[in-house]
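Student: Here is how the chains run, residue by residue.
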Amino acid sequence: MKSNNFVKLDFYTVKPYFKSMMFLPVIALIIGLVMKNLYFMIIMIAGYSWMISTYPFSIGEKFNLDVMYSALPGSRKRIVNARYLYFILLYWVAGIMSICIAYVVHLLTGLEFEILQGILIVISVFPLASLIAGIFYCAMFKFGYLKARFVNLIPIVLIFLGGELLSTFVKESLMDIDQISPAFIITISIVVGILILYISKIISQKIYQKKDF
Amino acid sequence: MSNAIELKNVNKSFKTFSLKDISFSLDTGFIMGFVGQNGAGKTTTIKLILDMLKLDSGEIKIFNKDHQRHADVIKEDLGIVMDKSYFVDEWTLRDVEKAMSPFYINWSSLKYSKLLKDFGLDKNKKVKELSKGMNMKLMIAVALSHDAKLLILDEPTSGLDPVARDELMDMLREYVLDENRSVLFSTHITSDLEKIADYVTVIQNGKIYYTGPKDELLEQYALVKGGQNVLNDSLKKLLIGLREHSVGFDAIAKRDEVKHLKNIVTENVTLDEIIIRIEKESRKSEK
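Protein chains in written order, with our numbering: chain W, 1 to 213; chain G, 1 to 287.
Simulated from the structure, these hints should not be mistaken for laboratory data. One thing to keep in mind: the hints can contain errors.
In silico lysine-lysine, DSSO-like type, Cα no more than 27 angstroms apart, as pairs [said to hold, decoys possible]:
id, chain 1, residue 1, chain 2, residue 2
1, W, K206, W, K62
2, G, K126, W, K15
3, W, K19, G, K128
4, W, K62, G, K54
5, G, K280, G, K236
6, G, K123, W, K19
7, G, K132, G, K117
8, G, K98, W, K77
9, W, K77, G, K47
10, W, K77, G, K84
11, W, K2, G, K123
12, G, K149, G, K117
13, W, K142, G, K280
14, W, K15, G, K15
15, G, K15, W, K62
16, G, K280, W, K62
17, W, K77, W, K62
18, G, K61, W, K210
19, G, K280, W, K8
20, G, K128, W, K15
21, G, K84, W, K147
22, W, K77, G, K65
23, W, K15, G, K117
24, W, K77, G, K114
25, W, K62, G, K123
26, G, K114, G, K125
All chains, please: the whole structure from these sequences, using the hints.
Tutor: Structure below.
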């Protein structure tokens, strides 16, 4: 229950900055249209969701919110739990949103897009997104946002450099492995993603527990 | 009588500064002033109480419970007022309530609205639009809206104008009318404490110099003045923070130790004077 409160708090922390984030899906859409690849747009939006998930770290550091967190009922473990829950929530909301956008664009422009493949892409990219989040959340809990912000840019660069390749690879892999059921891919992806986040969360909790503010 | 706060032999070391054997307690229902020069260790001690810093050794209890093990329960009844706002600048006061209220079982929206109205704060205003004094009132409103039993204030009056400072003193006085409520108030503006504090803890260079009733401290010391002709070595040993000038000297001293002396004048001392003199004495002994 208290972790949920911290998730809400992260949401409220970022809420005033939502307007400035609205351009991110628009950029993804434009790039997707230019490249005529709506699956690439989905991967870009997943990348943005990761970027937005780090906002509570940056805003927290800017306004010295550690004092507020220290004043609130709830252990440090719950604060860390909430950050990971917040990431998971953002990823899936962004995933669903990107599929909806892609479908509407597909209807309007006739660009190639299948909902099932879109869903499979969102799910199969989840372990990768979790790995990136898992590594950099630990760094941000350890060093703070400012010191860890350069590593934060790596996933964005990776997505720009390898996004199309990744989307093609994922799409083709999913086509090639007809013999493997989508249910299997979904299960494996979600289990691996959650497992990565769980291990990272344990490490982050240990780091944050010892941290002096 | 139960303790709102109790610190026993608390130690914390940094590269350039250490808190050494900090012990003091605050009884429920009272206001304690926590005073000392900038850098004496007030904020570090408060951060330790709030578990923002980890103890090297010692024990901290709040409401007679271990401050780490029972953090959840303790913080339900804890209100914090810092010298700077700790809310997101872009939040409106409505957002502050939305963000804070889920954490507290005792949160009362009615009370929050009433307090904001009483303090002249508009719910639609953003935190960044508030003056320093208004931000302090907001933090107090949040603390009172969940019926905090212990208020911890870290330098809340620094940078406030005299009117806002006086308002805060009135608020605190009113707050402790309920005997279950206590206040720990750290400041270097000691004139504020003279008005409201029941107890005083003086910290100097990371060590507790005095902890106890404020009146006892003020009775214990006296401001001593006299001519140069009476200032001999044996008198100098009794004086703290000695200041010599062309026609004489002034210093503070323990009242008992100088009361029998002739040709000197003793006057009541202020907290400010005590802090200044012990700091002066400490610097002299460091040299």
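Student: So, for every hint listed, does it hold in this structure?
Tutor: Hint check results:
no. : hint               : in the structure
1   : W:K206 with W:K62  : holds, 23 angstroms
2   : G:K126 with W:K15  : holds, 13 angstroms
3   : W:K19 with G:K128  : holds, 18 angstroms
4   : W:K62 with G:K54   : holds, 23 angstroms
5   : G:K280 with G:K236 : holds, 14 angstroms
6   : G:K123 with W:K19  : holds, 21 angstroms
7   : G:K132 with G:K117 : holds, 17 angstroms
8   : G:K98 with W:K77   : holds, 22 angstroms
9   : W:K77 with G:K47   : holds, 18 angstroms
10  : W:K77 with G:K84   : holds, 26 angstroms
11  : W:K2 with G:K123   : holds, 26 angstroms
12  : G:K149 with G:K117 : holds, 22 angstroms
13  : W:K142 with G:K280 : violated, 40 angstroms
14  : W:K15 with G:K15   : violated, 39 angstroms
15  : G:K15 with W:K62   : holds, 25 angstroms
16  : G:K280 with W:K62  : violated, 37 angstroms
17  : W:K77 with W:K62   : holds, 22 angstroms
18  : G:K61 with W:K210  : holds, 19 angstroms
19  : G:K280 with W:K8   : violated, 50 angstroms
20  : G:K128 with W:K15  : holds, 15 angstroms
21  : G:K84 with W:K147  : holds, 23 angstroms
22  : W:K77 with G:K65   : holds, 20 angstroms
23  : W:K15 with G:K117  : holds, 25 angstroms
24  : W:K77 with G:K114  : violated, 34 angstroms
25  : W:K62 with G:K123  : holds, 23 angstroms
26  : G:K114 with G:K125 : holds, 16 angstroms
Against the hints set out earlier in the document, violations occur for numbers 13, 14, 16, 19 and 24.
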